[in-house]
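So you can see what is in the structure, the chains are spelled out below.
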Amino acid sequence: AQKVTQAQTEISVVEKEDVTLDCVYETRDTTYYLFWYKQPPSGELVFLIRRNSFDEQNEISGRYSWNFQKSTSSFNFTITASQVVDSAVYFCALSGAGSYQLTFGKGTKLSVIP
Amino acid sequence: GAGVSQSPSNKVTEKGKDVELRCDPISGHTALYWYRQSLGQGLEFLIYFQGNSAPDKSGLPSDRFSAERTGGSVSTLTIQRTQQEDSAVYLCASTDLWGRGPNIQYFGAGTRLSVL
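These protein sequence lines are chains A and B, in that order. Positions 1062 to 1175 (the numbering used here) are the ones given, in order, by the first sequence. Positions 12 to 127 (the numbering used here) are the ones given, in order, by the second sequence.
One thing to keep in mind: the hints can contain errors.
Computed cross-link-like contacts, SDA-like style, restricted to lysine to any residue with a CA-CA straight-line distance of at most 25 Å [what the hints assert, rightly or not]:
| no. | chain 1 | residue 1 | chain 2 | residue 2 |
| --- | --- | --- | --- | --- |
| 1 | A | LYS1099 | A | THR1133 |
| 2 | A | LYS1099 | B | PRO66 |
| 3 | A | LYS1170 | B | TYR117 |
| 4 | A | LYS1170 | B | SER77 |
| 5 | B | LYS28 | B | GLY62 |
| 6 | B | LYS22 | B | PRO66 |
| 7 | A | LYS1064 | B | LYS26 |
| 8 | B | LYS68 | A | GLU1078 |
| 9 | A | LYS1170 | B | LYS28 |
| 10 | A | LYS1077 | A | ALA1158 |
| 11 | A | LYS1167 | B | LYS28 |
| 12 | A | LYS1170 | A | GLU1078 |
| 13 | A | LYS1064 | B | SER73 |
| 14 | A | LYS1170 | A | ARG1124 |
| 15 | A | LYS1170 | A | PHE1115 |
| 16 | B | LYS28 | B | GLN61 |
| 17 | A | LYS1170 | B | GLN94 |
| 18 | B | LYS68 | A | SER1132 |
| 19 | A | LYS1170 | B | LYS68 |
| 20 | B | LYS26 | B | TYR117 |
| 21 | A | LYS1064 | B | PRO66 |
| 22 | A | LYS1064 | B | GLU96 |
| 23 | A | LYS1170 | A | ASP1090 |
| 24 | B | LYS22 | B | SER77 |
| 25 | B | LYS68 | A | SER1172 |
| 26 | B | LYS28 | B | TYR117 |
| 27 | A | LYS1064 | B | VAL23 |
Just a sample of chain A residues kept apart from chain B, beta carbon distances all over 10 Å, derived [claimed, not checked]:
| no. | residue |
| --- | --- |
| 28 | SER1103 |
| 29 | GLY1104 |
| 30 | PHE1108 |
| 31 | ILE1121 |
| 32 | GLN1162 |
| 33 | THR1164 |
Calculated from the structure, these hints are not laboratory results. Even glycine gets a Cβ: it sits at the ideal position worked out from N, Cα and C.
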C-alpha cells in the first residue's frame, strides 16, 4: 500500500520568510513518481512538480525548491521569500510507475501574512 | 478547452435526490479521473477512465455512485439517493499520456456538493 504523510496541517508565516513543507511517503514500488500540487482558494489543484524515483537531484524553480531524499523517503518543498499569493493548501502525492492513481497527503494549509 | 471544466461549480440538493456532476477534460486527454475531497478525509480516488472504459471502480464508496464517459471525452458522475455524508468537493482530472510524461494529472476547479 502507498501512503503520503504531511505532518504539518497548518503553517503561518510572515511575508518574506522562508517556509518548508514536509512530505514523507511509503511505497513498495522501486519506480514511482512524486508530485506537489497547490490548491488556492479558487479550488483548482495546480500542478507544481513531478519527480521520478531515479532522479534525486534537487530542483529549483524561481522561489520554489524541492529536496528529494530516498534515504528518508521525503520530498520536501521550500518557498523562499514567501508572498501573500503563496497562501494555499499544498498537497504532496505519490504514484507508482504505470499507475493511474494518485495517493495524496492530507495537505498543508499555508497562510502568508502581509 | 484550455483546461478541465466541471459543472456545476456548486450544487445544493436534498437528501434522497439524485445528482449528476459533469467533467469536460482537456481536449485530447485519454485518461480521466474522479476524486472526492472532504474535510478530514483529504483527496480520495473514486474512478479512472481510459477512453470510455473504467478499468478500476474500486474507489466508488457505494453502489449509489456510478460514472460514465462517452466519446472519450465528457464524463458524468451520478450519485443516487444522496446522503449527507456525500457532501464534499468532487474533483475531476485528465491526463495526456503522450505529452509531458505519464501521470501528470490536470485538475478542474471541482463541484461543491451540499446535501441538506
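Going through the hints against the structure:
1. About 23 Å separates the Cα atoms of LYS1099 (chain A) and THR1133 (chain A), which keeps this hinted pair within 25 Å; it holds.
2. Restraint check for LYS1099 (chain A) and PRO66 (chain B): the C-alpha separation of about 28 Å exceeds 25 Å, so the hint is violated.
3. A C-alpha spacing of about 20 Å is found between LYS1170 (chain A) and TYR117 (chain B), which places the hinted pair at or below 25 Å, so the restraint holds.
4. Annotation: proposed proximity of LYS1170 (chain A) to SER77 (chain B) is violated, straight-line Cα distance about 31 Å (limit 25 Å).
5. Proposed proximity of LYS28 (chain B) and GLY62 (chain B) is contradicted: the alpha carbons are some 29 Å apart, above 25 Å.
6. Between the alpha carbons of LYS22 (chain B) and PRO66 (chain B) the distance comes to roughly 28 Å, so the proposed pair goes past 25 Å and is violated.
7. Distance check on the hinted pair: LYS1064 (chain A) and LYS26 (chain B) sit about 33 Å apart at the alpha-carbon level, beyond 25 Å; violated.
8. Of the pairs offered as hints, the one joining LYS68 (chain B) and GLU1078 (chain A) is violated, with about 44 Å between alpha carbons and a cut-off of 25 Å exceeded.
9. With a C-alpha separation of about 33 Å, the suggested pair LYS1170 (chain A) and LYS28 (chain B) falls outside the 25 Å cut-off, and the hint is violated.
10. Between LYS1077 (chain A) and ALA1158 (chain A) the CA atoms are separated by roughly 37 Å; this puts the pair beyond 25 Å, and the hint is violated.
11. Between the alpha carbons of LYS1167 (chain A) and LYS28 (chain B) the distance comes to roughly 30 Å, so the proposed pair goes past 25 Å and is violated.
12. Pair hint LYS1170 (chain A) plus GLU1078 (chain A) holds up; C-alpha atoms about 16 Å apart against a cutoff of 25 Å.
13. Only pairs whose Cα atoms come within 25 Å are accepted, and LYS1064 (chain A) paired with SER73 (chain B) is accepted, the gap being roughly 23 Å.
14. The straight-line distance between the Cα atoms of LYS1170 (chain A) and ARG1124 (chain A) is roughly 18 Å, inside the 25 Å bound, and the hint therefore holds.
15. For the suggested pair LYS1170 (chain A) and PHE1115 (chain A), the alpha carbons sit about 29 Å apart, so the restraint of at most 25 Å is broken.
16. Restraint check: the Cα-Cα separation between LYS28 (chain B) and GLN61 (chain B) comes to about 29 Å, which exceeds 25 Å; the hinted pair is violated.
17. For the given pair, LYS1170 (chain A) sits about 28 Å from GLN94 (chain B) by alpha-carbon distance, which is inconsistent with the 25 Å threshold.
18. Taking the CA atoms of LYS68 (chain B) and SER1132 (chain A), the gap is near 34 Å; set against the 25 Å cutoff, the hint is violated.
19. For the proposed pair LYS1170 (chain A) and LYS68 (chain B), the alpha carbon gap of about 30 Å is over 25 Å, so the pair is violated.
20. With a CA separation close to 31 Å, the supplied pair LYS26 (chain B) and TYR117 (chain B) exceeds the 25 Å bound.
21. Using a Cα cut-off of 25 Å, the hinted pair LYS1064 (chain A) and PRO66 (chain B) holds, with the two alpha carbons roughly 22 Å apart.
22. About 24 Å separates the Cα atoms of LYS1064 (chain A) and GLU96 (chain B), which keeps this hinted pair within 25 Å; it holds.
23. With a C-alpha separation of about 29 Å, the suggested pair LYS1170 (chain A) and ASP1090 (chain A) falls outside the 25 Å cut-off, and the hint is violated.
24. As the CA atoms of LYS22 (chain B) and SER77 (chain B) are separated by approximately 17 Å, the hinted pair is consistent with the 25 Å bound.
25. For the proposed pair LYS68 (chain B) and SER1172 (chain A), the alpha carbon gap of about 36 Å is over 25 Å, so the pair is violated.
26. The straight-line distance between the Cα atoms of LYS28 (chain B) and TYR117 (chain B) is roughly 30 Å, outside the 25 Å bound, and the hint therefore fails.
27. Between LYS1064 (chain A) and VAL23 (chain B) the alpha-carbon distance is near 33 Å, which puts this suggested pair outside the 25 Å criterion.
28. The beta carbon of SER1103 (chain A) is not kept farther than 10 Å from every beta carbon of chain B, the shortest such distance being approximately 6 Å.
29. A Cβ of chain B approaches the Cβ of GLY1104 (chain A) within 10 Å, the least distance being about 5 Å, so the stated non-interface status is violated.
30. A beta-carbon of chain B is positioned within 10 Å of the beta-carbon of PHE1108 (chain A); the least distance is around 6 Å.
31. With a closest Cβ-Cβ approach of about 19 Å to chain B, ILE1121 (chain A) is found to remain outside the 10 Å limit, as its non-interface label requires.
32. A beta-carbon of chain B is positioned within 10 Å of the beta-carbon of GLN1162 (chain A); the least distance is around 5 Å.
33. The Cβ of THR1164 (chain A) does not lie farther than 10 Å from every Cβ of chain B; its closest approach is about 8 Å, which violates its non-interface assignment.
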